[in-house]
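Spelled out from the first residue to the last, the chains are:
There are 2 protein chains.
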Amino acid sequence: MRYFSILAFTLSLLISINVNGQTDESALKTIYSTSLTNGKSYEWLDYLSNEIGGRLSGSKNAELAVQYTKAELEKLGLDKVWLQPVMVPKWERGEKEEAFYLIGNQKKNVNICALGGSIATNENGLQANIVEVHDFEELEKLGRENIEGKIVFYNRPMQADLISTFNAYGGCVNQRYAGAMEAAKYGAIGVIVRSMNLRQDNFPHTGSMSYGDLPVEQRIPSAAISTNDANVLSDALKSNKDLQFYFKQNCKQYEDVPSYNVIGEITGSEYPNEYIIVGGHLDSWDLGDGAHDDGAGVVQSMDVLRLLKESGITPKRSIRVVLFMNEENGLRGATEYARVAKENNENHIFALESDAGGFTPRGFSFSANDTNFNQVLGWQLLFKPYLIHYFEQGGSGADVGPLKTETNVVAGLRPDSQRYFDHHHASNDTFEHVNKRELELGAATMTALVYLYDRYGVNPITKETEIKN
Amino acid sequence: MRYFSILAFTLSLLISINVNGQTDESALKTIYSTSLTNGKSYEWLDYLSNEIGGRLSGSKNAELAVQYTKAELEKLGLDKVWLQPVMVPKWERGEKEEAFYLIGNQKKNVNICALGGSIATNENGLQANIVEVHDFEELEKLGRENIEGKIVFYNRPMQADLISTFNAYGGCVNQRYAGAMEAAKYGAIGVIVRSMNLRQDNFPHTGSMSYGDLPVEQRIPSAAISTNDANVLSDALKSNKDLQFYFKQNCKQYEDVPSYNVIGEITGSEYPNEYIIVGGHLDSWDLGDGAHDDGAGVVQSMDVLRLLKESGITPKRSIRVVLFMNEENGLRGATEYARVAKENNENHIFALESDAGGFTPRGFSFSANDTNFNQVLGWQLLFKPYLIHYFEQGGSGADVGPLKTETNVVAGLRPDSQRYFDHHHASNDTFEHVNKRELELGAATMTALVYLYDRYGVNPITKETEIKN
Numbered sequence: 001m002r003y004f005s006i007l008a009f010t011l012s013l014l015i016s017i018n019v020n021g022q023t024d025e026s027a028l029k030t031i032y033s034t035s036l037t038n039g040k041s042y043e044w045l046d047y048l049s050n051e052i053g054g055r056l057s058g059s060k061n062a063e064l065a066v067q068y069t070k071a072e073l074e075k076l077g078l079d080k081v082w083l084q085p086v087m088v089p090k091w092e093r094g095e096k097e098e099a100f101y102l103i104g105n106q107k108k109n110v111n112i113c114a115l116g117g118s119i120a121t122n123e124n125g126l127q128a129n130i131v132e133v134h135d136f137e138e139l140e141k142l143g144r145e146n147i148e149g150k151i152v153f154y155n156r157p158m159q160a161d162l163i164s165t166f167n168a169y170g171g172c173v174n175q176r177y178a179g180a181m182e183a184a185k186y187g188a189i190g191v192i193v194r195s196m197n198l199r200q201d202n203f204p205h206t207g208s209m210s211y212g213d214l215p216v217e218q219r220i221p222s223a224a225i226s227t228n229d230a231n232v233l234s235d236a237l238k239s240n241k242d243l244q245f246y247f248k249q250n251c252k253q254y255e256d257v258p259s260y261n262v263i264g265e266i267t268g269s270e271y272p273n274e275y276i277i278v279g280g281h282l283d284s285w286d287l288g289d290g291a292h293d294d295g296a297g298v299v300q301s302m303d304v305l306r307l308l309k310e311s312g313i314t315p316k317r318s319i320r321v322v323l324f325m326n327e328e329n330g331l332r333g334a335t336e337y338a339r340v341a342k343e344n345n346e347n348h349i350f351a352l353e354s355d356a357g358g359f360t361p362r363g364f365s366f367s368a369n370d371t372n373f374n375q376v377l378g379w380q381l382l383f384k385p386y387l388i389h390y391f392e393q394g395g396s397g398a399d400v401g402p403l404k405t406e407t408n409v410v411a412g413l414r415p416d417s418q419r420y421f422d423h424h425h426a427s428n429d430t431f432e433h434v435n436k437r438e439l440e441l442g443a444a445t446m447t448a449l450v451y452l453y454d455r456y457g458v459n460p461i462t463k464e465t466e467i468k469n
Numbered sequence: 470m471r472y473f474s475i476l477a478f479t480l481s482l483l484i485s486i487n488v489n490g491q492t493d494e495s496a497l498k499t500i501y502s503t504s505l506t507n508g509k510s511y512e513w514l515d516y517l518s519n520e521i522g523g524r525l526s527g528s529k530n531a532e533l534a535v536q537y538t539k540a541e542l543e544k545l546g547l548d549k550v551w552l553q554p555v556m557v558p559k560w561e562r563g564e565k566e567e568a569f570y571l572i573g574n575q576k577k578n579v580n581i582c583a584l585g586g587s588i589a590t591n592e593n594g595l596q597a598n599i600v601e602v603h604d605f606e607e608l609e610k611l612g613r614e615n616i617e618g619k620i621v622f623y624n625r626p627m628q629a630d631l632i633s634t635f636n637a638y639g640g641c642v643n644q645r646y647a648g649a650m651e652a653a654k655y656g657a658i659g660v661i662v663r664s665m666n667l668r669q670d671n672f673p674h675t676g677s678m679s680y681g682d683l684p685v686e687q688r689i690p691s692a693a694i695s696t697n698d699a700n701v702l703s704d705a706l707k708s709n710k711d712l713q714f715y716f717k718q719n720c721k722q723y724e725d726v727p728s729y730n731v732i733g734e735i736t737g738s739e740y741p742n743e744y745i746i747v748g749g750h751l752d753s754w755d756l757g758d759g760a761h762d763d764g765a766g767v768v769q770s771m772d773v774l775r776l777l778k779e780s781g782i783t784p785k786r787s788i789r790v791v792l793f794m795n796e797e798n799g800l801r802g803a804t805e806y807a808r809v810a811k812e813n814n815e816n817h818i819f820a821l822e823s824d825a826g827g828f829t830p831r832g833f834s835f836s837a838n839d840t841n842f843n844q845v846l847g848w849q850l851l852f853k854p855y856l857i858h859y860f861e862q863g864g865s866g867a868d869v870g871p872l873k874t875e876t877n878v879v880a881g882l883r884p885d886s887q888r889y890f891d892h893h894h895a896s897n898d899t900f901e902h903v904n905k906r907e908l909e910l911g912a913a914t915m916t917a918l919v920y921l922y923d924r925y926g927v928n929p930i931t932k933e934t935e936i937k938n
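Sequence lines, in order, name chains A and B. The opening residue of the first sequence carries number 1 in the numbering used here; numbering runs sequentially from there. The opening residue of the second sequence carries number 470 in the numbering used here; numbering runs sequentially from there.
In short, the hints are calculated from the structure, not lab data. Be aware that a few hints might be false.
Rough simulated footprint, nothing fancy, chain A against chain B, three-plus residues with beta-carbon under 8 Å [as the list claims (entries may be wrong)]:
#1 757-771
#2 803-814
#3 849-856
To give a feel for the contact side, a few chain A residues facing chain B, derived at Cβ under 8 Å [claimed, not checked]:
#4 Thr-37
#5 Leu-198
#6 Asp-416
Glycine included, each C-beta is placed from N, C-alpha and C at the ideal position.
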């Protein structure tokens, strides 16, 4: 243990001399300058958001996004660009939802949207009493006698005093994902869920839901309601327990359809069999144009390879950009990419995803063993001039998760999270809410980390990766 | 020297034990939670922005803002609330500016706004040839023979590859501030300045300018042009050197008028003669509603005192909120506050300003000697859970600068700066561009630092401040 510590310490000194040398410092300076003065991500995002728009898996727009990004990657002079086929689910919202509640003859319209994967109501809509609950325990306590034949209204708000809004999301999202399957067990006939949004506004936020193993005949429609309307409804219920709630939605699940991951590669000059990948997901929800989720991650990842080239860096290892299809409602693209990588025995030493919005980057979270994580910590000072300070273990990205092994590193870019859920899965996730500089700083930050992993590899203490080659 | 170092080291250990104890950790937790769940800054900002609006010194709105903030402070149960009289300049924009350029008969309208403090054109406007320059050296080289009788167009953009947008601003703002006085020396008859904005858009950005010692009869009108139009004009000039530029503005400088700083105080329970102040400036430019500059700083500063109370903290030292009048075009409020503080022999140990927008806080910059700065560095870890990581020497805030002494500390809140100059001094500096959580995190971060200075004082090694009492 002691010997190991001394060794690790000595090696970490050596690493720190390496990476703090002029070369790395100046490489990062070039990368950031190039992104901020000659970045391409904002232009690409403009096209993806404004010329194509929302890109739900299986949609025409998703197909256009595949074609567009492939064509753009082909212009970059990479060594390879290809499409990786994958079957994806296809769900369509249909015509706009309607909802209101009635107190006597007084009708109050509210803003809802069907959750992704939900069934429709019947064509006349659904009207019933509505019961407010805050979690599944409360549901269980109420039991079938209070739930049967009614609509369940999940109204647990995101916790405002958590600094990471993703933690607040994590504490609420089971209402959206599993709310219908849980409520159906007690005979509920529909579900309305408070939008996963920390702000008070009128936007309903969609997102994936699941019926689990629930037989088809027991499935019930579920929709999200805006935070403003959730509060209004909750208030109304306080004085009118028996108010009637009505909603109508026209969504439909179709058979799976073919689609693609889009992949580009710069083949490594020294270790071509070691892969470093950067990615985001090409699909988005349908309500907005998917600029933050995850157009930003897509264009930043594309720009990583371009910025390496523009900065005059010739990668030693193979660098791939992977634009995953179907993160939002199936993760089929990520699953398929990992399956093929395994089948081909490809050694993915490092995988990085950007899927937390195009906001000012603050750092990264890593899924890595201690040795690998310590290696990263040795690089922290290089990022200080760019105000990148967050290097923490725990979590990466949904699409790169399946690539995790015991010895590699998977990571997620961590932008400032405060405004993310203002836009997430809602009709205001649109291009004008992405700031060009913030987006470009994210692309540069990803490129810088990819540059360091390319230069030093992963796990330099055991030299395992070099021995393998 | 050695003795001092050991002493400093020992004391820093003691300090770190103190401040890392449960009390400080839990105090900060309470402060942040209170701000995020029960903050008042957003509500105040809504009123200041949407019910009052732009608050240029000497205007009716500035007067309304004085009355409103005084009344709100009076509701907080502070020990004292008062107005500090100060004479301020009064400049009015008058009716909206007009500008275009002519190539032959073809007229292209451009977006301009008069710079604060500029004279008007005559009532028919001003039309002349226009010469593009990028700095005063270029102006000097061109000389009187190329400048006389023409309009000078300063078109040096903000440098995009600087990470701090304030540094980029610092590298350009002399064009706006001194452009007219420099151009007038060579016989120019008007000045058009590229807006201090890193984004390409159509908003002209105003801001202060000065004629220095230039005699009244030599003064020339000067205006800002939007970044989009600056590029369009520059392109047009490349192929049409002799194009005519026209602009008309109707602004006017009046006699100074009376106004006020608004001040509230919680008197210290142990060291009432040691003052800690937090502040922002109540005045703003007239084009937007001044939400970021500096409505945010005003309401955050007000909330610092309220959050201390709500968090159950009884300050040992006297804590003041100071809402300074006339930062934008005179700094009269800050100058008067510092003059009175000196006259009254008030010992201001720490002064903090928020005047860099209501964006996610990243940390602080300090104007402090090394001993005092080291004290702050000892507190850094307490801020880590709140992602506050930026603690640097250099710069504070315009309004607290005059309070600097050899032994005290003045500081500025440093929010994320990427979007600040998208809005700064332009008609899109409005309430909807401020995010509630980001604003509240800033208020909490300020409150946390004020709490620590209240608890530990400044310069604990020499104990100078305690001996004085």
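We went through each hint and held it up to the structure:
1. Requiring three or more residues with a Cβ within less than 8 Å of a Cβ of chain A, the coverage given for the stretch 757-771 of chain B is violated, as only 0 such residues are present.
2. Proximity of the stretch 803-814 of chain B to chain A, defined as three or more residues with a beta carbon under 8 Å from a beta carbon of that chain, is not established by the 0 residues found.
3. For a cut-off of 8 Å, the count of residues in the stretch 849-856 of chain B with a CB near a CB of chain A stands at 3, and the three-residue condition holds.
4. Against a cut-off of 8 Å between C-beta atoms, the interface hint on Thr-37 (chain A) holds, since the closest Cβ of chain B lies about 5 Å away.
5. Hint on Leu-198 (chain A) holds. Least Cβ distance to chain B is approximately 6 Å, under the 8 Å limit.
6. A least Cβ separation of about 5 Å between Asp-416 (chain A) and chain B falls short of the 8 Å threshold, and the interface hint therefore holds.
Checked against the numbered hints above, the structure violates hints 1, 2; every other hint is satisfied.
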